[in-house]
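2 protein chains.
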Amino acid sequence: MSVDGPSHKPVHGPDHPQSVGHVVARKEVFFDGSEPLRLEAGGSLGPVEIEYETYGELSSRRDNAVFICHALTGDAHAAGWDAGPGGPLRDYRRDKPGWWDDVIGPGKPIDTRRFFVICANVVGSCYGSTGPMSVNPATGRPYGLSFPVVTVGDWARLHMMLLDRLGIDALYAAIGGSVGGQQALEMALGWPDRVRRLIVLSAGRRITAQGLGFNSVARHSIINDPYFNGGDYYGGEPPLMGLAAARMLAHITYLSEDSMGLKFGRRFQDKSGPEFTLTGVEFEVESYLKHQGESFVRRYDANSYLYITRAMDYYDAAVWGEGDLVKAAARIQARTLAVSFSSDWLFPPELCRELVSALCRAGRPATYVDIPSRYGHDAFLVETETVSRLIHSFLSN
Amino acid sequence: MSVDGPSHKPVHGPDHPQSVGHVVARKEVFFDGSEPLRLEAGGSLGPVEIEYETYGELSSRRDNAVFICHALTGDAHAAGWDAGPGGPLRDYRRDKPGWWDDVIGPGKPIDTRRFFVICANVVGSCYGSTGPMSVNPATGRPYGLSFPVVTVGDWARLHMMLLDRLGIDALYAAIGGSVGGQQALEMALGWPDRVRRLIVLSAGRRITAQGLGFNSVARHSIINDPYFNGGDYYGGEPPLMGLAAARMLAHITYLSEDSMGLKFGRRFQDKSGPEFTLTGVEFEVESYLKHQGESFVRRYDANSYLYITRAMDYYDAAVWGEGDLVKAAARIQARTLAVSFSSDWLFPPELCRELVSALCRAGRPATYVDIPSRYGHDAFLVETETVSRLIHSFLSN
Numbered sequence: 346m347s348v349d350g351p352s353h354k355p356v357h358g359p360d361h362p363q364s365v366g367h368v369v370a371r372k373e374v375f376f377d378g379s380e381p382l383r384l385e386a387g388g389s390l391g392p393v394e395i396e397y398e399t400y401g402e403l404s405s406r407r408d409n410a411v412f413i414c415h416a417l418t419g420d421a422h423a424a425g426w427d428a429g430p431g432g433p434l435r436d437y438r439r440d441k442p443g444w445w446d447d448v449i450g451p452g453k454p455i456d457t458r459r460f461f462v463i464c465a466n467v468v469g470s471c472y473g474s475t476g477p478m479s480v481n482p483a484t485g486r487p488y489g490l491s492f493p494v495v496t497v498g499d500w501a502r503l504h505m506m507l508l509d510r511l512g513i514d515a516l517y518a519a520i521g522g523s524v525g526g527q528q529a530l531e532m533a534l535g536w537p538d539r540v541r542r543l544i545v546l547s548a549g550r551r552i553t554a555q556g557l558g559f560n561s562v563a564r565h566s567i568i569n570d571p572y573f574n575g576g577d578y579y580g581g582e583p584p585l586m587g588l589a590a591a592r593m594l595a596h597i598t599y600l601s602e603d604s605m606g607l608k609f610g611r612r613f614q615d616k617s618g619p620e621f622t623l624t625g626v627e628f629e630v631e632s633y634l635k636h637q638g639e640s641f642v643r644r645y646d647a648n649s650y651l652y653i654t655r656a657m658d659y660y661d662a663a664v665w666g667e668g669d670l671v672k673a674a675a676r677i678q679a680r681t682l683a684v685s686f687s688s689d690w691l692f693p694p695e696l697c698r699e700l701v702s703a704l705c706r707a708g709r710p711a712t713y714v715d716i717p718s719r720y721g722h723d724a725f726l727v728e729t730e731t732v733s734r735l736i737h738s739f740l741s742n
Numbered sequence: 346m347s348v349d350g351p352s353h354k355p356v357h358g359p360d361h362p363q364s365v366g367h368v369v370a371r372k373e374v375f376f377d378g379s380e381p382l383r384l385e386a387g388g389s390l391g392p393v394e395i396e397y398e399t400y401g402e403l404s405s406r407r408d409n410a411v412f413i414c415h416a417l418t419g420d421a422h423a424a425g426w427d428a429g430p431g432g433p434l435r436d437y438r439r440d441k442p443g444w445w446d447d448v449i450g451p452g453k454p455i456d457t458r459r460f461f462v463i464c465a466n467v468v469g470s471c472y473g474s475t476g477p478m479s480v481n482p483a484t485g486r487p488y489g490l491s492f493p494v495v496t497v498g499d500w501a502r503l504h505m506m507l508l509d510r511l512g513i514d515a516l517y518a519a520i521g522g523s524v525g526g527q528q529a530l531e532m533a534l535g536w537p538d539r540v541r542r543l544i545v546l547s548a549g550r551r552i553t554a555q556g557l558g559f560n561s562v563a564r565h566s567i568i569n570d571p572y573f574n575g576g577d578y579y580g581g582e583p584p585l586m587g588l589a590a591a592r593m594l595a596h597i598t599y600l601s602e603d604s605m606g607l608k609f610g611r612r613f614q615d616k617s618g619p620e621f622t623l624t625g626v627e628f629e630v631e632s633y634l635k636h637q638g639e640s641f642v643r644r645y646d647a648n649s650y651l652y653i654t655r656a657m658d659y660y661d662a663a664v665w666g667e668g669d670l671v672k673a674a675a676r677i678q679a680r681t682l683a684v685s686f687s688s689d690w691l692f693p694p695e696l697c698r699e700l701v702s703a704l705c706r707a708g709r710p711a712t713y714v715d716i717p718s719r720y721g722h723d724a725f726l727v728e729t730e731t732v733s734r735l736i737h738s739f740l741s742n
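Residue numbers (my numbering), protein chains in the order written: chain A, 346 to 742; chain B, 346 to 742.
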């Protein structure tokens, strides 16, 4: 493996036997009657569209559904090749398979010959589910900051309603990494009888004070971008610079000091020594972060970044136990697999251990694995081989 | 001790017997003839003013001078109470003693009854030494980005010239923390026969790739602030939001996850629960970072932040050994005390150990102490008691 991940990571084209092939996302609409959705934070929203993709076939007993929760800036396009209509923020995914295509497909760890796999986009996002970019039917204009605050609990509830529509009473498994792991956890806490197995990767009960701090700087950058205009920028230039700063910062937190050292060290970008420029790029790591910022702003909406980081901020699984995580964990009926990565400092292994320890103290079956890895928080998407083995074995059991 | 530092940290008023009292910074001017200073990065600068303060008396043998190097946003006002003329960026220091007043004074660890203590501001700063805010005599306008790139080597050289003016051949000790530690190291490397003792706190050979990344995001925020105007903002509104973002981010790196957890945790600011605001303050940690950003922009110049972080980026002590740190360390004639702090992740203990290990391998006398501390990078200014004991004992020896 290189620090970029496995050096010969196979990319399966849509015609490969292990690919789910071409996929087109679908939508379900909720709360399109007179009653809107009442949100956890007190606001209301309606109608609510949920975009989702499915891979594989639902069994006649409807007992093989695996629900995948995406991370902060993810979407419903977890596997296969997007054959949907595209769009300004979606074109980035044209030339590559879904974000977890390594793991989902025929003969892959989440085997679509056996499982009916569902991945749905969260509300607040800019990838098809209703969010601040969506048109508010009451005004005919994009919601912007008039979009209500949404929470991980709201995401989980709406996705449970999607499962109702699909005729699925209980999930074989709910799986997610990072804030997606928190959503999977929330599904198991809020609907214990509907989640049989839970896999939480690189996540925990809640983010740390440091995590709150990073999110706060990211939002500061977006909100104070001169093009932000109180979130009402859809007719003109969006707050690209603020959103790029937020993404650059986030990328530092996704890597580890060790992996940044190995990947970039202090090497200069395309030159052997410094040019002594204040405002230009000198080091490879600067070039990498700049590139990450620039490519992200072409595919993501700044308002969504505000809403989704706030949902991360607010989430605390212990709310289900009135602040007591053991009491909360006692609600869970799923068997749990929790996986942390040694160099993850956004969701450090301690957070994962805290969750597993609460499950054990509550007498709930839980397996915990801390994977020694250099890749930091990104490891859950990079350490494919190890993660695949764990998921495959846990789902087979 | 609380996480804010010793809970009853004594503040000595100017009349206290352990205070150096009221102090007024002085200036020396260099390169005011026809020849400008040739800088390491290739530019030139002249005239060059250096602002400095001194405490205590130079001995008749001129052998008791201790030079203090300040950190990133520091200044020459290390001890006592500022009785200078003030000014827009300086008024913040009116109501408190110098930044290292805990350590410098009569009967304090750096005892001004015994030592002649000098602290000088670096070029590129906004605190009295020539920097981007200074008026370029060639144009009659502030330099802005026409100010040349300066390096830690330039800082050290100019401060050595200041010592020449003061009639000091050799320093009893050069002392600094963070990038100030790097400057002290540079003085010992570049002028080995002029530095008898070297104390390096929370520093090392160079910053990490992660450190380069954080500096790069900070500069991105400043440069892309709409008020930045290519650095030419002195007549109008400065890029306050970009500079605030840079400072907020820096403050996260100065603390540790542990100390942020203890200091703020996930407590709400002045309320028991969330108000569900996207753009307002919810958590104490947000309020703290916002306050740090807002107060910083009143006392610091954004262009200086660009120049000084770039100097940090470029610095690598191993240049003195053509990339070989042991070869570089062999130049040093000083006895060295190097101190790291267990939770410092901006200059992690490994960096300090790498330096000490190089000194040892080069056969140079070095003492290394890693202090178990929760305070992160800030520890060198917070763990006063331990640091004081170490400095006192090392200087007495």
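It cannot be assumed that every hint is accurate.
No copy labels: a pair is met if it fits in one copy or bridges any two.
[As the list claims (entries may be wrong)] Straight-line Cα separation of at most 30 Å, BS3-like style, residue types lysine-lysine; simulated pairs:
no., residue 1, residue 2
1, LYS635, LYS672
2, LYS672, LYS372
3, LYS441, LYS372
4, LYS608, LYS635
5, LYS608, LYS672
6, LYS672, LYS616
7, LYS635, LYS441
8, LYS441, LYS608
9, LYS616, LYS635
10, LYS616, LYS372
11, LYS441, LYS672
12, LYS608, LYS372
13, LYS372, LYS635
Note that these hints are calculated values from the structure, not bench results.
Going through the hints against the structure:
1. Taking the shortest Cα distances, LYS635 and LYS672 never come within 30 Å of each other, neither inside one copy (45 Å) nor across copies (35 Å).
2. Taking the shortest alpha-carbon separations for LYS672 and LYS372, neither the intra-copy value of 36 Å nor the inter-copy value of 65 Å comes in at or below 30 Å.
3. Proximity of LYS441 and LYS372 under a CA criterion of 30 Å is satisfied intra-copy only: 22 Å inside one chain copy versus 61 Å between copies.
4. In the homo-oligomer, the alpha carbons of LYS608 and LYS635 lie at most 30 Å apart inside one protomer (15 Å), although the nearest pairing across protomers, at 33 Å, exceeds that limit.
5. Taking the closest pair of Cα atoms, LYS608 and LYS672 come within 30 Å of each other only across two copies (26 Å); inside a single copy the shortest separation is 43 Å, beyond that limit.
6. In this assembly of identical chains, the alpha carbons of LYS672 and LYS616 lie at most 30 Å apart only when taken from different copies (25 Å versus 57 Å within one copy).
7. For a Cα distance limit of 30 Å, the shortest separation of LYS635 from LYS441 inside one copy, 22 Å, qualifies, whereas the shortest one across copies, 40 Å, does not.
8. In the homo-oligomer, the alpha carbons of LYS441 and LYS608 lie at most 30 Å apart inside one protomer (23 Å), although the nearest pairing across protomers, at 44 Å, exceeds that limit.
9. Taking the shortest Cα distances, LYS616 and LYS635 sit within 30 Å of each other inside one copy (17 Å), while across copies they are farther apart (38 Å).
10. Taking the shortest alpha-carbon separations for LYS616 and LYS372, neither the intra-copy value of 49 Å nor the inter-copy value of 39 Å comes in at or below 30 Å.
11. Taking identical chains as interchangeable, the C-alpha atoms of LYS441 and LYS672 are never at most 30 Å apart, the minima being 43 Å within one chain and 48 Å between chains.
12. Taking the closest pair of Cα atoms, LYS608 and LYS372 never come within 30 Å of each other, the shortest separation being 40 Å inside a single copy and 45 Å across copies.
13. Proximity of LYS372 to LYS635 under the C-alpha cut-off of 30 Å is found in neither arrangement, the shortest distances being 34 Å within a copy and 40 Å between copies.
The structure does not agree with the numbered hints 1, 2, 10, 11, 12 and 13 stated previously, though it agrees with the rest.
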